[in-house]
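In order, the protein sequence lines correspond to chains A and B. Counting in numbering that gives the first Met the number 0, the first sequence runs from 0 upward without gaps. Counting in numbering that gives the first Met the number 0, the second sequence runs from 0 upward without gaps.
To be clear, the hints were calculated from the coordinates, so they are not data collected in a lab. Certain hints may be false.
Which bits of chain B does chain A cover? Going by a derived footprint, with three or more residues having C-beta under 8 angstroms, they are [claimed, not checked]:
#1 66-73
#2 193-201
#3 221-229
#4 259-265
#5 318-325
Idealized CB from N, CA, C, for every residue including glycine.
Single-letter residue listing:
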Amino acid sequence: MKLTKRWAAITATAVAVGAAATGVASGTPGRSHADLKPVTVKHTAVRTVTKDGTTSVVDKRKVSLHVAQTVGLRDRQEVDVSWSGAHPTGGLVGNINSSLGLQEEYPMVLLECRGLDSKRAPKADRLSPQTCWTNATTERFQSDSNYASNDQAYPPWRLDKYASAAQRSALYGAPTTRPEECFGAAPEEYWVPFIALGGTKYYGGPNGCAGTAPEATGDSNQAMPSNETYGITQTNGQGSTKFDMWTADTNTSLGCSARVVCSLVAVPIMGISCDPAAEGLPDDDKPPAPDIEQATAECVKKGHFAPGEVGDGNGHEDATVSGALWWAASNWRNRLSVPLSFAQTPSVCDVVGAGAAVPVYGSELMTQATQQWSPKFCLTKSLFNFKHVQVGEPQARTQLMSGSIDAAFTSQPQAGGFPFPTVNAPTAVSGFAITFDIDDAHGDPVTKLQLDPRLLAKLMTESYPAISEIQNKDKALAKNPLNITRDPEFEALNPGVTTDSQVGATILNLSSQSDVMYALTSYINADPEARAWLDGKPDPWGMVVNKAYKRIQLPVNTWPLLDTYIPSDIYQPGLNDCLYNTPVPYLPLVAAPVQRLSQIALAMQFAIANSQTVCYQPLQGQSSGERLVAIGRQQLGSRFMLGVTTIPDAERYRLSMASLEAQTTSAAKSDFSSLAGRTFVRPTMASMRAAADTAKPDMTTGTWPVDSKRLRKAPSAKGAYPGTMIVYTTVATKGLASSAATDYSKLLDFAAGPGQTQGFDPGNLPPGYLPMTKSNGLGRLVAYTTRAASAVRAQRGDVPSLVPSKADNQGNDGNNGGTGPDGTGSSSSPPSSAAPTVPAVDGAATPGPSDPASPPAVASPAPASLGNTVASSSKLAGVALPILLALALLSGLLAPAITRYVRQRRRT
Amino acid sequence: MTATDLAKPGRPAPARSGARRAEPAAASRLARVRTRFAAAREAPPLPPASPGVSLTVSVLFMLSVTAVWLLIYGVFLSGIQERSAQHRLYSQLRFSLAQEVAPLGGAIKPGTPLAVISMPAAGLNRAVVVEGTTSTVLRDGPGHQQNTPLPGQLGWSVLMGRSVSFGAPFKDIGSLHPGDIITATTQQGTFHYSVINVRHNGDPLPPPVPDGGGRLTLVSSQGSGWRAGWAPSHEVFVDAALKEKALLAPAGRPTVIAPSATAMHSDTSGLESLVLWLQALLIVGGATVWASSRWGLWQAWLAGAPVILALVWVVSSNVFRLLPNLM
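Sequences are here, hints too, so could you generate the full structure?
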C-alpha cells in the first residue's frame, strides 16, 4: 500500500508540476496527450452489387477514424472526432445532429451505443443498432410510404445482400401485437427498436406510436441537441466534428457510465450492396420479375447530389445511399467502433454502500471540484461519504444559521455573524466568467471578447431596447442603441461584431440569490464610470440607464428585473398571441434569468437562447394551451449569446471566456477613442493568482475578501482577474456531533492538501480552479485551513485567528481579535446576540419570532423553559363594542325623551 | 263643550239638563278623549322648536343609528365580508397551489393567501390564511406573522386571528385541549399540529422547539366575565407541535414587523382611507338629498340608497381597521 501511495504521490506531483507549468504558460492546465488515450481505428468499407450470380465491388474505401479522448470521459464532454478516406457527403443539411441528417447522402454517421463491439464479449454486452441512441423516430423506422413517388414494392433494404432473410422480408422488427395507435401496417416496414439500460424495449414505429424512450423528445430547438451526428465528409474524404459524450446523467435510457461500457460507433455510409436476384430466399421475398428492374435501378443509385452540394430538403436524395439506412446490414458491417471509458462520478457512492452521506450545502463554484472529490471520498476507507448539495450561498448561510445544516460552501461572510463559533476555512479559489458564443460576419466563431463594467451594467439593467418597437415608443430608451453590438463602447472594444437578435440586448444571468451575483455587482460598483452611469450620468455617446434601475444600490445578492414597459404595438393577435392575451413587460422576458449556474453553462454550450418571447400554440391559431417559450438554439454561424458562468464550468464545457477590464489609468480616454490606459484580463491561473494575492485578512468577518475596489487601484493587481472568488467551508467549531466534526475536519484537511492537485482522476482538482498551494502564493490560506481543521475536530469553540500570532502553534486562541463572527471563543452560555429571547417586543411575547429553535442549544443544554407569557392587552378592544352599545341605547332613549320633554314644555 | 269654549279659559258651560250628568262614565271619558284629540288636531300648530333642540335631537338620533349600525356590522355583517374574501382567497390559493407558485417563504406580499388551516375542535374548517397580521389584513381571515416561518417549516410559526368581528375565525381557540389536531396545508404539503397547551398572561411558555421540529402558535383575543364573546381585552395563545418532519424554508424572510402587525394593535394607516371614504359618503349623501328636491323623493333615494349603503359598508370596514387587530 505504501509503495503505491508513494508512486501515486510522485505521479501526482509530476502531473501537477507539468500541468502548472503549461498552465502558467498557456493559461489552462493541459492534460498530457497520452493520458487521454486517443484512438485511431481503420476499416475497409465496401459496397458490392450482385448480378447474375457474381458479386462485384462497386466502391472500396479505407476509412480511418480518430477519437481524441476515450478515457475519463465526463458527461456532456465534447470530444474531437475526425476521419479520413470516407465517401464525400452530398445533400448537406444545416443541423447534423437532427433527423435532417437522414437526407444526407454518404454521411459519416456517429452514434453512441451501449455495449462492446466484440464477439468475445458476452451477448448481453454486445452492441447492435438496437442499443445505439438516436433521437427521432424516423431514424429507426422506414416504411414504403417513403417511396410514394415511385410506389415500388422493393425498397433498397430488401435487396441488401448482407441482410438476413428475415431482415429482407416485408415486415421486420415490429412488435408482435401491433398497438392501436400504429394503425394498419404499411406493405413494407422496417423497425429498429431501442433497448434501454435495464431491458425496456421501445419499438418506436411510425411517429413513435409504439413507445419511445423518455429522452427521445424529437428535434426540438428548445433543448440541447441530440448527440447522433450525420457527419459531413469533404470532397477529400476527410471530416471532423465534435461529438457530445453522454452518460446516464443526461440520458438514463442509454445509461453509459463508469460501470456500463459504451462505444462510439462510426458508420461510413457506402450504400446498399444490392442483390436483386435474391438467391436463397423464399419465393415470397424474391422480387417478382416485373419489379426487378425498377428495384435494382433504385438500389444501385449512386447519389442525386454532387459531393459537397447542399441538400434541398425535398426528398430528392437517393434512399439507398442516404443516412436513413445506417442500420442496414451493408452499412452496419462497415462500421468502426471505439470503446469508451467514463470517469467516476459521485453516483458510484450510492452503489458502493459507503454509508449515509454527509452533506455540505452551497456554492455552485465548487460543483466541478466536488464531482471529482466525491468518488474519491466514498471509495477511500479513511474518508467518508461526502455529498455536495448545490444551493445558493445566501440560502446555505441562512440554513446554517437556523441550524438545519452543519456546513456550507460560501464566498461571503454572514452579515451579523452566527450565534455560535464558526470558522471560514478557504477551500478553493475560482471565480465567475462572462462566457460568450459569438460568430463574426463570416460565420466563424469569435475567440476574444473584451468587456468593461459599464457594458455589463448596461446589459443587466435592461437598458438596451432589444427591439425597434421599444426603441421607437419608449421615451426612456429612445436614445439608447438597439443592442450591445450597436453600442459605440462595445464597438471600440470589439470591432466587427454585429447582431440583430434580441439576445444581443441581454446577458443570461441568475435569478436566484448567489454570491456570484454579489461578486459581479461588486465588480460593477467598483468602477467609477459604471457607478456614475448607474446613477444617471449618460455615457459619452448619450446612452442612459433604464429609469427603473437608476441609482440602484450595489452590490446585491440577487438581480431584480425592474423594467415595466409594455410595447403594445407588438402585442397583437397576429404577432404574438400569448402577449396579446396576457401582456407583461417585454424586457424581463428578453432577460429570462435562470435559477442555476449549471443551466447557464448548458445554454452557453449549445447557444440555446433563453429569452421567452416566442408564442407557442399547440393548436395552430388557437389560444388554448399557448405559452411563451424560449427562442431556442441559435444557428451556428450567426450566434450571439453572453452568459455568467463559473470558471470551472467554462473550462469543462470549453466555453469561451471574455476578458474583463481590470484597471484604468489616467491615460484612459472616456470616449474610448483609444484603449490606452485600460487593461483587460482573461481568467487564467496567473491572473487569478494575482487577484488572490491582493486578498487581505479581515478579522471581523474571518475571511480574506477579494475587494473589487482594491483590485482596481492596487498597482500589483494590474494583471489580476476581477472575477476571482475564494470559496470557504463555513462550519461550526462547537456543538457538532463528534462524527460529523471529524468528517468535516477530514474534508478541510483534504482541501488543504491532496485536493489541490490538478487532474481528472477522482480526488483531483479539475481545470478552472487556482490550486490553493504555497507555490501559488496561497500558503497562508492553506495554513489557516489546516488550523481550522484541527479546531473543527476539537469542537471546543475555538476559532483560529486569521493571522497566527507568534506564540500560536495550535491556533486554539479564540479570544485573539475576535476572529470568528462570535467574539467569545468558547462560551458556555447562550450568546446574547442570538435569536431574540423571550422578553416582549412591542408587547407581543410570542417567543423568538425570527429564526427558530431554542436559543441555539449548541452552547449549553437548552433551558427547560423560556419563562412566562407576557401577553398584551388592549383597553380599546375591551370597551369598543360595549361603548357602541351604550351609545346606541343612550342616544336611542335620549332623543325621543328630549323631543317629548320639549313638546310638553311648549304645550304647558 | 265646543272648541270655542275651550279657547276661553274660565267657567264651564252650565249643564243643560240633569239627565245628561248621569251618562255612563266610560262614554263620557271616551268622548272626552275623542274630543281632546279632535281639539289637538284642530289646534293651531306650535311654533317650531328652537334650532338648538332639533339639532341635538337629530344628532342623538344619528349617533344612535350609527352605533347600532356599527354594532350590527361588527358582529354580523363583517362576517359576510370575511366569508366573501375567504371564497376569493380560496380559489386564488387553489390556483397557485396547482401551478406550484404559492409562496414558500421569504418576503411575501401582505394579503397573499398561503395556507389553509382546519381545526374541527375549534369549529374552524378550511380557513385560508393570508400573509400579514395587521388589522387591515386580518379582515380577510387568519393571518400569518411575517417574521415567522410558514406552517410546516422549521421553527416557530405564528398565526393570528380575530375573535369577534369579520367571521371571528379564532373565537373558540381558547377551548382547544392538548392533543387536538390542527391541520395546515401549504405549497410544501399537509402538516398536522398537535395542541400542547393554551396559555394566557402569566402562564409559563412551552419548552423550546427541538432540533428539526416545528411549532405553531395561534394568537387571538378573549374577554372574561361579562365581556366574554364581544369585548375581548386580553390575548390568548395556543401552542401546537408539528407531528411530521419540518421542512426547510427559503431565505429572505423579514426579521422585523411593523408595530401595527403585532398583537392587539390597530392599523392607523386606515385613517387616511377612512377620511376619504367619509368624504365620498358625504358627497353622495348630499347629492342624494339635493336630488330628492330637484328630481323626486322616491327616485333620488332609489338611486342613492344602494350607493350610500355600499359607502357606509366600506366606511365601517375602515373604522374596524382602527380597532385592534385581534378583535
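Here's how the hints hold up against the structure:
1. 66-73: Three-residue rule met by the segment 66-73 of chain B, so holds; n is 5.
2. 193-201: Held - the segment 193-201 of chain B has 4 residues with a Cβ nearer than 8 angstroms to chain A, which meets the minimum of three.
3. 221-229: holds (count 3)
4. 259-265: Since 5 is at least three, the answer is holds.
5. 318-325: holds (count 3)
Checked against the numbered hints above, the structure violates none of them.
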